[in-house]
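Start from the sequences and build out the full structure, keeping to the hints where you can.
For reference, the chains in residue letters:
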Amino acid sequence: MSVITIEKRILEKNDEIAAQNRRLLQTNHTFTVNLLSSPGAGKTTLLEKTLLHLDPLHVAVIEGDVQTDRDAQRISAIGFQAVQIITQGGCHLDAALVRDALNSLLLPECRLLFIENVGNLVCPAAFDLGEDCKVVIASTTEGEDKPIKYPRVFREASLCLLNKIDLVSVLDFDRRAFYSHIQSVHADLKVIEISAKTGEGMNDWLSWIQQTAMQTNKTQPC
Amino acid sequence: MHELKLAREIFDLVDAALQEHAMKSLKIVHCKIGELQPLIEEQLQSCYQILIENTRLAGSCLHIERVPAQARCRKCGREFDLDELHLFCPHCQSTQLVILSGDELLISDLETDTCQ
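Line order of the protein sequences matches chains P and V.
Start counting the first sequence at 1; every next residue gets the next number (this note's numbering).
Start counting the second sequence at 223; every next residue gets the next number (this note's numbering).
It cannot be assumed that every hint is accurate.
[Stated by the list, open to error] No farther apart than 27 Å at their CA atoms in a straight line, the calculated lysine-lysine pairs in the DSS-like style are these:
no.	chain 1	residue 1	chain 2	residue 2
1	P	Lys-8	V	Lys-254
2	V	Lys-246	P	Lys-13
3	P	Lys-13	V	Lys-249
4	P	Lys-190	P	Lys-49
5	P	Lys-190	P	Lys-149
6	P	Lys-190	V	Lys-297
7	V	Lys-227	P	Lys-8
8	P	Lys-49	P	Lys-197
9	P	Lys-149	V	Lys-227
10	V	Lys-227	V	Lys-254
11	V	Lys-254	P	Lys-149
12	V	Lys-227	P	Lys-13
13	P	Lys-8	V	Lys-246
14	V	Lys-227	V	Lys-249
15	P	Lys-13	V	Lys-254
16	V	Lys-246	V	Lys-227
17	P	Lys-8	V	Lys-249
[What the hints assert, rightly or not] Calculated Cβ distances over 10 Å to all of chain V for the following chain P residues:
no.	residue
18	Arg-22
19	Gln-73
20	Gly-143
21	Glu-193
Please keep in mind that the hints were generated in silico from the structure rather than gathered at the bench.
Backbone N, C-alpha and C fix where the C-beta goes; we use that ideal spot for every residue, glycine too.
This is the structure we're talking about:
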């Protein structure tokens with residue numbers, strides 16, 4: 001019997017491609033946000049409403065879904081560059097899928113890129129795509145315990161958007177419990193309460209994008 | 223179900239290592255996976271077994287060692303076992319932590335009967 005030590009990172013290939021994506025996006029001064037949530041948290045609607053405040057010449061979207069290009073169609077319909085990745089059963093985006101999508105985008109003028117990941121709070125958190133930051137979207141309709149059920153994605157996120165805040169008064173959503181759970185798994189995580197429907201919180205979200213883009217030495221065209 | 227993706231990556235890395243080290247047979251692939259990694263070991267094993275059928279890796283299996291999560295407090299400097307649901311220092315309550323272990327996703331060793 002013999003033992004050979006190899007010490008290889010299992011996601012080494014993904015991480016190398018993610019680093020290439022990151023270099024490409026940095027060279028291009030494109031601030032890139034990886035949006036993560038469970039299915040139905042309202043990612044696409046929130047993205048549509050966000051884009052209405054941004055310049056179509058300088059903002060693009062990569063959509064990730066298990067099936068259909070419906071989300072990319074929604075984004076294209078309001079005049080923004082959008083590329084759809086259909087994972088055909090895959091539960092997450094990986095760096096190679098994003099690299100291929102980047103090849104389909106007109107990047108030179110793009111200063112802000114949203115990557116809408118597949119709706120899933122487990123698997124997408126494990127894969128670096130080359131983004132500048134992860135933003136997790138929770139919603140009041142999902143209940144207050146998402147942060148402790150899926151701690152990793154909340155731990156890795158730079159921002160949490162608590163969506164559908166307009167429904168908080170008609171749901172039994174326990175705000176105090178939600179913030180207590182956030183405190184447990186990522187005490188410094190900033191939370192913005194937002195409603196894609198009413199526009200509440202939108203200005204805070206747009207300001208956060210602008211400030212964070214500037215902190216990463218990238219200009220942002222809000 | 224990112225276990226399938228991980229199994230594919232393990233397969234490719236091990237297959238390349240077999241070639242590189244001119245290994246004739248393979249018994250065990252030793253993996254170190256941190257406790258903070260959300261994955262189901264049985265699913266990873268099942269995916270691996272399906273992928274190695276009729277390949278030169280056939281007959282091998284994964285041995286998975288879960289690495290405990292540990293952290294050091296930036297404020298008081300103490301080290302402690304990390305509970306993912308309570309990410310703060312149990313001694314001084316600071317949330318400024320350095321995670322020392324628990325995020326690993328590694329193939330550490332390959333065990334074989336013989337080596338050319």
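These are the hints, each one checked on the structure:
Note on P:Lys-8 and V:Lys-254: the hinted pairing holds, with a Cα-Cα distance of about 10 Å set against a maximum of 27 Å. A C-alpha spacing of about 25 Å is found between V:Lys-246 and P:Lys-13, which places the hinted pair at or below 27 Å, so the restraint holds. Straight-line distance between C-alpha atoms of P:Lys-13 and V:Lys-249 comes to about 24 Å, which keeps the hinted pair within the 27 Å bound. About 21 Å separates the Cα atoms of P:Lys-190 and P:Lys-49, which keeps this hinted pair within 27 Å; it holds.
Annotation: proposed proximity of P:Lys-190 to P:Lys-149 holds, straight-line Cα distance about 19 Å (limit 27 Å). Of the supplied pair hints, the one linking P:Lys-190 and V:Lys-297 holds, its CA atoms being roughly 21 Å apart against a limit of 27 Å. The suggested pairing of V:Lys-227 with P:Lys-8 holds, with an alpha-carbon distance near 16 Å, which does not exceed 27 Å. Between the alpha carbons of P:Lys-49 and P:Lys-197 the distance comes to roughly 8 Å, so the proposed pair stays at or under 27 Å and holds.
Distance hint between P:Lys-149 and V:Lys-227 is fulfilled; the C-alpha atoms sit about 23 Å from each other, no more than 27 Å. For a cut-off of 27 Å, the pair hint linking V:Lys-227 to V:Lys-254 stands: about 17 Å separates their Cα positions. Taking the CA atoms of V:Lys-254 and P:Lys-149, the gap is near 24 Å; set against the 27 Å cutoff, the hint holds. A hinted pair counts as satisfied when its Cα atoms are at most 27 Å apart, and V:Lys-227 with P:Lys-13 qualifies at roughly 12 Å.
Restraint check: the Cα-Cα separation between P:Lys-8 and V:Lys-246 comes to about 20 Å, which is no more than 27 Å; the hinted pair holds. Pair hint V:Lys-227 plus V:Lys-249 holds up; C-alpha atoms about 22 Å apart against a cutoff of 27 Å. Distance check on the hinted pair: P:Lys-13 and V:Lys-254 sit about 17 Å apart at the alpha-carbon level, within 27 Å; holds. With a CA separation close to 26 Å, the supplied pair V:Lys-246 and V:Lys-227 stays within the 27 Å bound.
As the CA atoms of P:Lys-8 and V:Lys-249 are separated by approximately 18 Å, the hinted pair is consistent with the 27 Å bound. No beta-carbon of chain V comes within 10 Å of the beta-carbon of P:Arg-22; the shortest separation is about 19 Å. Residue placement check: P:Gln-73 keeps its beta carbon more than 10 Å from all beta carbons of chain V (closest about 27 Å). Distance check on P:Gly-143: its Cβ is at least 16 Å (rounded) from any Cβ of chain V, clearing the 10 Å threshold; non-interface status holds.
The non-interface label for P:Glu-193 is consistent with chain V: the shortest C-beta to C-beta separation is roughly 21 Å, beyond 10 Å.
When held up to the earlier numbered hints, the structure conflicts with none and fits them all.
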